[in-house]
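**Student:** Here are the chains, one letter per residue:
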Amino acid sequence: MEYEAATQIAAALAIGLGGMMPALAIGLMASKAMEAIGRNPESSGNILTNMILAIAFAEAIAIYALVVALAIKFVPVTPLH
Amino acid sequence: MTETAQKKKKKLSPLVALGILLALVMCVLGLIFPRGRELPVISMAAERIPIPLPLPGFQEGFPNTLPTALLTSLVLSVLALVYNLSARRAEKTGRPNRFLVAVDALFEGLYSFVENIARDKTRALLPLVATFFFFILTANWMGLLPGVGSIGLYEEHHGERVLVPFFRGANADLSTTLALAIISVIAVQVVGLRFQGPRYLRKFFNFSAPPNSGALGPVLRIANGFAGLLEIISEVSKIFSFAFRLFGNIFAGEVLLIVVSFLAAFVATLPFMGLELFVGLVQALVFSMLSLVFYTMATHHH
Numbered sequence: 001m002e003y004e005a006a007t008q009i010a011a012a013l014a015i016g017l018g019g020m021m022p023a024l025a026i027g028l029m030a031s032k033a034m035e036a037i038g039r040n041p042e043s044s045g046n047i048l049t050n051m052i053l054a055i056a057f058a059e060a061i062a063i064y065a066l067v068v069a070l071a072i073k074f075v076p077v078t079p080l081h
Numbered sequence: 001m002t003e004t005a006q007k008k009k010k011k012l013s014p015l016v017a018l019g020i021l022l023a024l025v026m027c028v029l030g031l032i033f034p035r036g037r038e039l040p041v042i043s044m045a046a047e048r049i050p051i052p053l054p055l056p057g058f059q060e061g062f063p064n065t066l067p068t069a070l071l072t073s074l075v076l077s078v079l080a081l082v083y084n085l086s087a088r089r090a091e092k093t094g095r096p097n098r099f100l101v102a103v104d105a106l107f108e109g110l111y112s113f114v115e116n117i118a119r120d121k122t123r124a125l126l127p128l129v130a131t132f133f134f135f136i137l138t139a140n141w142m143g144l145l146p147g148v149g150s151i152g153l154y155e156e157h158h159g160e161r162v163l164v165p166f167f168r169g170a171n172a173d174l175s176t177t178l179a180l181a182i183i184s185v186i187a188v189q190v191v192g193l194r195f196q197g198p199r200y201l202r203k204f205f206n207f208s209a210p211p212n213s214g215a216l217g218p219v220l221r222i223a224n225g226f227a228g229l230l231e232i233i234s235e236v237s238k239i240f241s242f243a244f245r246l247f248g249n250i251f252a253g254e255v256l257l258i259v260v261s262f263l264a265a266f267v268a269t270l271p272f273m274g275l276e277l278f279v280g281l282v283q284a285l286v287f288s289m290l291s292l293v294f295y296t297m298a299t300h301h302h
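So the protein lines, in turn, are chains W and F.
The numbering used here numbers the first residue of the first sequence as 1 and each following residue consecutively.
The numbering used here numbers the first residue of the second sequence as 1 and each following residue consecutively.
I should point out that these hints are in silico values taken from the structure, not numbers from a laboratory.
Careful, some of the hints might be misleading.
Covered stretches of chain W, as calculated for chain F (at least 3 residues, CB under 8 angstroms) [as the list claims (entries may be wrong)]:
1. 21-29
2. 68-77
Footprint (simulated), chain W over chain F, 3 or more residues, beta carbon under 8 angstroms [to be verified]:
3. 117-127
4. 251-257
5. 275-289
Ranges of calculated distance between the beta carbons of each label pair, as one might list FRET restraints [unchecked claim]:
6. Val293(F) with Pro41(W): 24 to 30 angstroms
7. Pro271(F) with Phe74(W): 20 to 26 angstroms
8. Ile151(F) with Met20(W): 35 to 41 angstroms
9. Glu108(F) with Ser43(W): 42 to 48 angstroms
10. Gly274(F) with Glu35(W): 25 to 31 angstroms
11. Ala215(F) with Met20(W): 45 to 51 angstroms
12. Leu277(F) with Met20(W): 36 to 42 angstroms
13. Met273(F) with Gln8(W): 25 to 31 angstroms
14. Ser43(W) with Ala215(F): 47 to 53 angstroms
15. Ala80(F) with Ala30(W): 33 to 39 angstroms
16. Leu270(F) with Ala6(W): 34 to 40 angstroms
Quick caveat: nothing in here was measured; it's all calculated off a predicted structure.
Heads up, the beta-carbon is just placed ideally off N, CA and C, and yes, glycines get one too.
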């Protein structure tokens, strides 16, 4: 395979696979938070802050994958011949 | 209906009018220049401005995050000075000005937020946590100012013409975030030693076994020693998770803004600017809150 093509596919796969589980985690957390707000609407402000904090932690995993993808895409590596 | 509309038009404040005017200019410019010519070279490491400094490591120039980081500190220092002056004036006249009230409200909110987690240690932990919060927030938001990352010199690098900007968002450089992370994790150890004394070190070096373990004693000793090793590894991994979380978010935001502005200039970037403002706030909050949780965990024995 061409080196250029390999890096393109690698970058796309890195963020594509790395984004799957954090997306699931964020969805689970948000759904639980919404349930909690529905059950207990007066504490919605508190729940919302904690939800955003927790979501940021799950999002960090996706960001690691994004850093790897960006590194593959933008950091020039001299290909082996 | 027309009357109320006219009244509203009269009350339009100059700032809002300026904002609407700028938005219109942006729309027109976006129609005239629909997209950029070529995507600039995106560099993960901070570019070096070729002005040598008489310091070790800076002979070939200094990274362009250095001016931004210094400017961030300067902005925070000036704000602190202005706050101090207005506080003194308010003491004399008894009438606080708007800036004083705004900063007080901000700090009150932060104080109660920290108090929810740290309880009776709030006064000891708040200064460091608040410093992290304000430094990271200011650095993130200053990275979004116009001119940051776009004004610079063209340099020859490996036969290619590369733009070296004078300013780059301070947290879009792994060195800055790594420095912040190392400070934060060292502070965890300092807080632990201060509040628990030498007992804190037993978390890492523990070769004891419960008194009634009998023949299982040596096994438990080894298991405890291994758990201490894992604690040391977890402290080191905290540094990397802190550093990469902040760097990744801010750098990814910059790349996002560049790519979007080269897909459709001016108008399309505006919602992403709003998103980046939010991300900057959330990341500052996450960094300081996570530090706070680690400090609070280090203050008591368990």
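**Student:** Honestly, do Gly274(F) and Glu35(W) meet the 25 to 31 angstroms range at C-beta?
**Tutor:** 28 angstroms, holds
**Student:** Is the gap between the beta carbons of Ser43(W) and Ala215(F) within 47 to 53 angstroms?
**Tutor:** 51 angstroms, holds
**Student:** Lying within 34 to 40 angstroms: is that true of the beta-carbon distance Leu270(F) to Ala6(W)?
**Tutor:** Hint holds: Cβ distance 36 angstroms, inside 34 to 40 angstroms.
**Student:** Take the segment 275-289 of chain F, compare each residue's beta carbon with every beta carbon of chain W, and decide whether three or more fall closer than 8 angstroms.
**Tutor:** Result for this restraint: holds, n = 5.
**Student:** So the hint says 20 to 26 angstroms: do the beta-carbon atoms of Pro271(F) and Phe74(W) match that?
**Tutor:** At 24 angstroms between Cβs, range holds.
**Student:** Okay, Ala215(F) versus Met20(W) on CB: inside 45 to 51 angstroms?
**Tutor:** 48 angstroms Cβ-Cβ, so the 45 to 51 angstroms window holds.
**Student:** Quick one: see if chain F covers the segment 68-77 of chain W, three-plus residues with Cβ-Cβ under 8 angstroms.
**Tutor:** Per the Cβ count (4), the hint holds.
**Student:** Take the C-beta atom of Ile151(F) and the C-beta atom of Met20(W), compute their distance, and say whether it sits inside 35 to 41 angstroms.
**Tutor:** 39 angstroms, holds
**Student:** Tell me if the beta carbons of Val293(F) and Pro41(W) are separated by a distance inside 24 to 30 angstroms.
**Tutor:** Holds - the Cβ-Cβ distance for Val293(F) and Pro41(W), about 27 angstroms, lies within 24 to 30 angstroms.
**Student:** State, for the Cβ atoms of Ala80(F) and Ala30(W), whether the hinted interval 33 to 39 angstroms holds or is violated.
**Tutor:** The hinted range 33 to 39 angstroms holds for Ala80(F) and Ala30(W), with Cβ atoms some 38 angstroms apart.
**Student:** Between the segment 251-257 of chain F and chain W, are there enough contacts, at least three residues with CB-CB distance under 8 angstroms, for the coverage claim to hold?
**Tutor:** holds (count 3)
**Student:** Kindly confirm whether 42 to 48 angstroms is satisfied by the beta carbon distance between Glu108(F) and Ser43(W).
**Tutor:** 20 angstroms, violated
Taken one by one, the earlier hints fail for this structure at numbers 1, 3, 9, 12, listed in ascending order.
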